[in-house]
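Novice: Read off the chains here:
Number of protein chains: 2
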Amino acid sequence: MTRTGSPAPTLVEVARLAGVSRATASRAVRGGERVSPEARAAVEAAVREIGYRPNQAARSLVTRRTDSIAVVIPESDSTLFTDPFFATVLHGVTTALSSTDLQIVLLVGQPGERAARMVNYLRAGHADGAIVVSHHRMDNVVEALAESAVPAVLIGRPWDASLPLTWVDVDNAGGGRLAAEHLLARGARRPATVAGPADMAAGRDRLAGWAEVVAAAGLATDAVEHTDWTADAAAAATGRLLDDHPDVDGLFVASDLMAEAAMEVLRGRGIAVPDRVRVVGFDDMGLAARTRPPLTTVVNPAPAMSRRAVEMLLAQLEGTGGTESVQFPTALVVRGSS
Amino acid sequence: MTRTGSPAPTLVEVARLAGVSRATASRAVRGGERVSPEARAAVEAAVREIGYRPNQAARSLVTRRTDSIAVVIPESDSTLFTDPFFATVLHGVTTALSSTDLQIVLLVGQPGERAARMVNYLRAGHADGAIVVSHHRMDNVVEALAESAVPAVLIGRPWDASLPLTWVDVDNAGGGRLAAEHLLARGARRPATVAGPADMAAGRDRLAGWAEVVAAAGLATDAVEHTDWTADAAAAATGRLLDDHPDVDGLFVASDLMAEAAMEVLRGRGIAVPDRVRVVGFDDMGLAARTRPPLTTVVNPAPAMSRRAVEMLLAQLEGTGGTESVQFPTALVVRGSS
DNA sequence: TTGTAAGCGTTATCAG
DNA sequence: CTGATAACGCTTACAA
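The listed protein sequences correspond, in order, to chains U and Y. Oh and the first sequence: position 88 is 88 in our numbering, straight run, nothing missing. Take any residue in the second sequence, note its place counting from 1, add 338, and you have its number in our numbering.
Incorrect hints may appear among the rest.
Stated by the list, open to error - With the C-beta cut set under 7 Å, the calculated list includes, among others, these residues of chain Y facing chain U: (1) Q394; (2) T433; (3) V443.
I should point out that these hints are in silico values taken from the structure, not numbers from a laboratory. Where is the CB? At the ideal position from N, CA and C, for every residue including glycine.
With these hints in hand, go ahead and build the complete structure from the sequences.
Specialist: Written as structure tokens, this is what we have:
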């Protein structure tokens, strides 16, 4: 650890200097319970004098805790920084943990190469627990986590629902239904959707909810394009949709970031929003209110989900439950785009 | 660590099951040097059978290494996610470390409340070393780090140059000079600047370089507004600048994110860029090419700096140097805004 | 309130 | 190549 030649001071040196036993020194260092004022003062002075810091490895070898929890984001760093979903979640987790003594440690990296390393990190006991957040990709991080005993809560339901993992998520299918109902109510007769990836729960479920309502209304559900969550891919998908179905008059896009790109394409083609095509997004994290026109969207309650995930993880760490997954209801915010 | 009642398997159980000593088991687990094929096979089988994972705390208690390095970003999460500087640096650090076995751990949090926790985390030996990146704020994280013996490299020179810390940085003053020279060469006679915070090295130095050239040309250097690095503050500062000095014809803004906001204000006032006011930014990380008009800007070689910082840290960890700070030269990229 | 002593799970040294 | 054995630095019953 140290560059300097001299080894880091240990508790025995503190104890010797303070004239107490190692046990007493230990209690005092932790602001302990049963220490006399004199002993505490002596220890504190000794600590200051020699610059003592407890060795975390030694400590957690016996306590079996590290006082840190990991936030795992199995995405590439570019995704992490472009999609506001992650910023919102991270902010929520941070504030929810601010009252505790837990240090937050962020593990970022695409699934694949670094995934094994991340899981090893967790299984080795580097963190007391983990919050895993992603746009629900079915990845090996989640699988590996499932067969480890590391306390964990997922933000975003895993693809494989049978995995013994606790999660929080928004009602994606319900959101898709809300979007479709709204578009139909506004008079759309030829609805289309730019859906998320077909191999992610969020993509699949948002699409399924939308399709359910559209089909129930006796309308076609064939105007569908799957993409990843990026703006570029969404723009391309929107282009294909318009080429194949020129009569589209209502568009549900699986995220606001993607919806903004879709509206850009519409504008580029001279198609008026909402006059000729009505658009509904998903997320409502600030961006939706800033687009032109402002975006009607399905609320993704990421702050509340993050808070809840933290509560559940803390409960797991204390052994007081926190193992029941929860799905948050959603709502539609109507703005100028529809 | 574990939720399950059964304690995690240890090396002694592996050894017993494999019919070897604890020492041999340990060597085999690490793909060790002097182990017979049979012993290795037996150990590997035992590991698989009981799902053994080495206990990191025990391991690093003796090796004094954790095989992880921390990237410390003492900024609020909103800053982290809005300014492309951090995304770029993180990407650079990640790729530079991808060939090693080191796990990257991200510590994010505003200086102040969580700063002590971050430094404690490092000093406790949770990570083998740290890369600290920020827009150079003078903060207690850096100070605390300076008096610890944790190997560290700063990306961005610390405010207090006397601190015994290693850093990499761009030649901020040189960048400011480049910007000013360019503006003057294009005919600006009333240059102004939206500068970064006065209490950060990057803010101070970019301003100083600009002022040096402007003064040398015999022009006034009084059109200066300090702001933090946010777009909102930059917009406000630009407004004040225009109010106070309506004859401004050249504007150097301390970051591209801020320059974009400044151009927005100019456009809102019907002031043509570059025809009436020429604008130069700082960073050139993708954003500059996407603004309208595209932004002339000073290159901030964040990818190269990140790579270098990683190399230096690795050298420090191996005790082979890496303690000499380095300043990167910069360059101007001319685009439509000037 | 304090001290004694027994671990926590690994790695490393050093004979065999 | 293998196996005792001694650390590593700290916490925590348990006794005093």
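Novice: Hints first: check each against the structure and report whether it holds.
Specialist: Quick rundown of the hints versus the structure:
| no. | hint | result |
| --- | --- | --- |
| 1 | Q394 | holds (4 Å) |
| 2 | T433 | violated (9 Å) |
| 3 | V443 | holds (5 Å) |
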